[in-house]
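Residue numbers (the working numbering), protein chains in the order written: chain A, 2 to 250; chain B, 1229 to 1365.
Errors might be hidden in some of the hints.
[To be verified] Taking lysine to any residue pairs in the SDA-like style, the calculated list, with each CA pair at most 25 Å apart, reads: (1) A:Lys213 with A:Ser139; (2) B:Lys1336 with A:Ala53; (3) A:Lys4 with A:Ser139; (4) B:Lys1325 with A:Gly166; (5) B:Lys1325 with A:Asp104; (6) A:Lys213 with A:Pro31; (7) B:Lys1325 with A:Glu79; (8) A:Lys220 with B:Phe1313; (9) B:Lys1336 with A:Asp104; (10) A:Lys4 with A:Asp44.
[Said to hold, decoys possible] Some chain A residues flagged as far from chain B (calculated, every beta-carbon gap over 12 Å): (11) Arg129; (12) Thr133; (13) Thr151; (14) Lys220.
Derived from the structure by calculation, the hints contain no laboratory data. Just so it is clear, the structure is predicted and the values come from calculations on it, not from any experiment. C-beta: ideal position from N, C-alpha, C; glycine also.
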Amino acid sequence: MRKSYLAIIPALNEEHTIASVIDGVRLHAPQFDVVVIDDGSSDRTREVSEAAGAPVIRHPFNLGIGGAVQSGFSYAQENGYDFMVQVDGDGQHDPAEVAKLIDRMAQNGVDMVCGSRFMEKTGYAAPRARRTGIRIFSAILSRIVGQQVTDPTSGFRLFNRRAIGLFARDYPHDYPEVEAVLMLHFHQLRMCEVPVTMYQRGGGVSSISTGKSAYYMIKVLMAIVVGLVRARPVVEPGDEPPVAAAHGI
Amino acid sequence: MGTRIQIVSIVATVALFVIVFELVRRRRLQERYALLWLFAAVVLFGLAAWQGLLSKIASAVGIFYPPSALFVIAFGFILVLLLHFSVAVSRLSDQTKVLAQRLALTEKRLRDLEAGAEPEVREEERAPETVGRAPTP
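Construct the complete structure from the given sequences, taking the supplied hints into account.
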């Protein structure tokens, strides 16, 4: 049976870059269906995307990147896709490198392949504070999951059906990438990384501004700690919902 | 405990109880959220009315002025109530997220159905002229 591929492009106010990202995916990864997830943009992201021929899933208001990507997982699962790749709408991920992720997954059958900026010298010039932060996460996370994770904050990721099912059910809220690695580990799903190049943002505003960096660090560190001691780290189908959406005091 | 502070305490706790009860009666407040309030009001009323118990509790935890013990207990209730609301807000925001996602996915599906197209249009069926521009470096 033919495998089906979905590329989701989460976007928040990316009207200047979204079209070239869509075209890039079409050009370099033609086997992928493209869906833009417009996380409550106030600009013309949706119109531009539809003009470029990509269907849009539009949130009525901003849910944050975690909520946006989870909509992608739900869509992929409901439509029976075998693989889903996340390519950010700001142009920092190069669609030409989706093939690298696919190749690696085909080679070693892991459940998630993550594009890493830091495996090779790729000339990615992140601000020093951010590099330091990522290095700290990387060290902590690598120790916990027992394998080297060089770029735990990268959102350039390819998921197979098992990972799609897991994350459609439960995906972290605001800054999900680091926690997602932990979740994979707890569910005994495997991941690996491939070196990729990331561009500076083509336009728009990063979801993580300098002022929010400290909050980001603390929030993710807390998420790691909480993740380690969580009452139900593994939520299987049929369990109580992972979110707090159950009734009670 | 002086008579005056006792009267004030009793009046205040009775007022709290009546206000909460009235809100529930008018359906402005759900029972689920009113229970803790009513429980707090009843306990505080009991302590305000029954001087001996309040004095005992106060001396047991080392508070010299019994009415202060009333404030400490009231403060404890307020903390519990606030925590209760934080939990409720978390639940609401989770539910809101799921609703927004379902709405977005359903809208997409509806548009696909209205357009008479299958939800998944395979790449090769699309017009090739949409391919071309390179990604923004």
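Within a Cα-Cα threshold of 25 Å, do Lys213 of chain A and Pro31 of chain A meet the stated pairing? violated (37 Å)
Least C-beta distance from Thr133 of chain A to chain B larger than 12 Å: holds (26 Å)
Assess, step by step, whether the Cα of Lys1325 of chain B is no farther than 25 Å from the Cα of Gly166 of chain A, and give holds or violated. holds (18 Å)
Starting from Lys4 of chain A, check that the Cα of Ser139 of chain A is at most 25 Å away, please. violated (33 Å)
Decide if the proposed pair is consistent with the structure: Lys220 of chain A and Phe1313 of chain B, CA atoms, cutoff 25 Å inclusive. holds (21 Å)
Measuring Cβ to Cβ, find out whether Arg129 of chain A lies farther than 12 Å from everything in chain B. holds (23 Å)
Does the alpha-carbon distance linking Lys1336 of chain B and Ala53 of chain A stay inside the 25 Å limit? holds (16 Å)
Taking 25 Å as the top limit, are the C-alpha atoms of Lys1325 of chain B and Asp104 of chain A close enough? Status violated; Cα separation ~34 Å.
Taking 25 Å as the top limit, are the C-alpha atoms of Lys213 of chain A and Ser139 of chain A close enough? Holds - the C-alpha atoms of Ser139 of chain A and Lys213 of chain A are around 19 Å apart, at most 25 Å.
So if I understand the rule, the pair passes when the alpha-carbon distance is 25 Å or less; does Lys1325 of chain B with Glu79 of chain A pass? holds (18 Å)
Does Thr151 of chain A clear chain B by more than 12 Å, comparing its Cβ with all Cβ atoms of that chain? The claim holds: Thr151 of chain A sits with its nearest Cβ about 23 Å from chain B, beyond 12 Å.
Quickly compare the C-alpha distance for Lys4 of chain A and Asp44 of chain A to 25 Å and report which way the hint goes. Outside the cut-off at roughly 35 Å; violated.
In summary, the structure is inconsistent with hints 3, 5, 6, 9 and 10 from the numbered list given earlier, while agreeing with the others.
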